[in-house]
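Based on the provided sequences and hints, a complete structural model is requested.
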Amino acid sequence: DSLETISTLCSQAIKAGTRIFNLISVEDVMIRENDRITGLVLNWSAVTLAKLHVDPLSIRSKMVIDATGHAAEICRIVEKKIGPRLDTVSGGVVGEKPMWAEVGERALLENTKEVYPGLIVAGMAANATYGSHRMGAIFGGMLLSGKKAAELAMGKL
Numbered sequence: 001d002s003l004e005t006i007s008t009l010c011s012q013a014i015k016a017g018t019r020i021f022n023l024i025s026v027e028d029v030m031i032r033e034n035d036r037i038t039g040l041v042l043n044w045s046a047v048t049l050a051k052l053h054v055d056p057l058s059i060r061s062k063m064v065i066d067a068t069g070h071a072a073e074i075c076r077i078v079e080k081k082i083g084p085r086l087d088t089v090s091g092g093v094v095g096e097k098p099m100w101a102e103v104g105e106r107a108l109l110e111n112t113k114e115v116y117p118g119l120i121v122a123g124m125a126a127n128a129t130y131g132s133h134r135m136g137a138i139f140g141g142m143l144l145s146g147k148k149a150a151e152l153a154m155g156k157l
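Residue numbers (the working numbering): 1 to 157.
Note that these hints are calculated values from the structure, not bench results.
Misleading hints may appear alongside valid ones.
Straight-line distance between alpha carbons at most 35 Å, and here's what the computed DSBU-like set of lysine-lysine pairs gives [as the list claims (entries may be wrong)]: (1) Lys62 <-> Lys148; (2) Lys80 <-> Lys62; (3) Lys97 <-> Lys51; (4) Lys81 <-> Lys62; (5) Lys113 <-> Lys15; (6) Lys15 <-> Lys156; (7) Lys81 <-> Lys51; (8) Lys97 <-> Lys113; (9) Lys97 <-> Lys62; (10) Lys113 <-> Lys148; (11) Lys81 <-> Lys97; (12) Lys156 <-> Lys81; (13) Lys80 <-> Lys148; (14) Lys113 <-> Lys81.
Spelled out as structure tokens, the structure:
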């Protein structure tokens with residue numbers, strides 16, 4: 001049961017100290033010393049949708065993980081703000097290829113890595129960023145990608 005799996009994962013992550021920010025959009029990144037991402041600029045999604053003029057919130061972070069799915073939103077913000085400087089063949093978000101679940105699953109762990117100083121990319125955002133195939137409705141690779149991203153982040157701290 002996929003709903004039970006996801007709700008259990010969320011529950012256990014929260015019990016372990018994870019903070020989940022629901023209905024929040026990333027507007028910008030913070031880049032500071034050593035040309036490294038040091039945080040995010042956030043706003044409530046409803047504010048963005050309603051086009052209200054509300055000042056955003058800034059949060060600092062020692063590591064940021066882009067797990068925004070097919071859109072690879074944080075990687076795209078970095079590309080837009082500072083140009084093609086991601087660790088990809090083009091320096092930008094390459095874009096995902098058509099669905100080919102087996103190939104996409106195999107590429108996923110290879111694509112889960114630090115794409116810019118302070119920014120790790122995981123899940124479908126990783127495959128989209130590096131130009132790999134889209135996967136089907138399979139959770140295995142996504143979970144392994146998230147685990148690898150967490151381990152990479154912990155190793156950098």
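Quick rundown of the hints versus the structure:
Distance hint between Lys62 and Lys148 is fulfilled; the C-alpha atoms sit about 17 Å from each other, no more than 35 Å. Between the alpha carbons of Lys80 and Lys62 the distance comes to roughly 22 Å, so the proposed pair stays at or under 35 Å and holds. At most 35 Å may separate the alpha-carbon atoms for a hinted pair to count; Lys97 and Lys51 meet this at roughly 32 Å. In summary, the hint linking Lys81 to Lys62 is supported, as the alpha carbons are separated by about 20 Å, within the 35 Å threshold.
Proximity of Lys113 to Lys15 is assessed by CA-CA distance (about 26 Å); at most 35 Å being required, the pair is judged to hold. Between Lys15 and Lys156 the alpha-carbon distance is near 23 Å, which keeps this suggested pair within the 35 Å criterion. With a CA separation close to 21 Å, the supplied pair Lys81 and Lys51 stays within the 35 Å bound. A hinted pair counts as satisfied when its Cα atoms are at most 35 Å apart, and Lys97 with Lys113 qualifies at roughly 19 Å.
For the hint pairing Lys97 with Lys62, the CA-to-CA distance comes to about 31 Å; that is within 35 Å, so the pair holds. Restraint check: the Cα-Cα separation between Lys113 and Lys148 comes to about 8 Å, which is no more than 35 Å; the hinted pair holds. At roughly 24 Å between alpha-carbon atoms, Lys81 and Lys97 fall within 35 Å of each other, so this suggested pair holds. At roughly 24 Å between alpha-carbon atoms, Lys156 and Lys81 fall within 35 Å of each other, so this suggested pair holds.
For the suggested pair Lys80 and Lys148, the alpha carbons sit about 27 Å apart, so the restraint of at most 35 Å is met. With a C-alpha separation of about 21 Å, the suggested pairing of Lys113 with Lys81 holds against the 35 Å cut-off.
Checked against the numbered hints given earlier, this structure breaks none of them.
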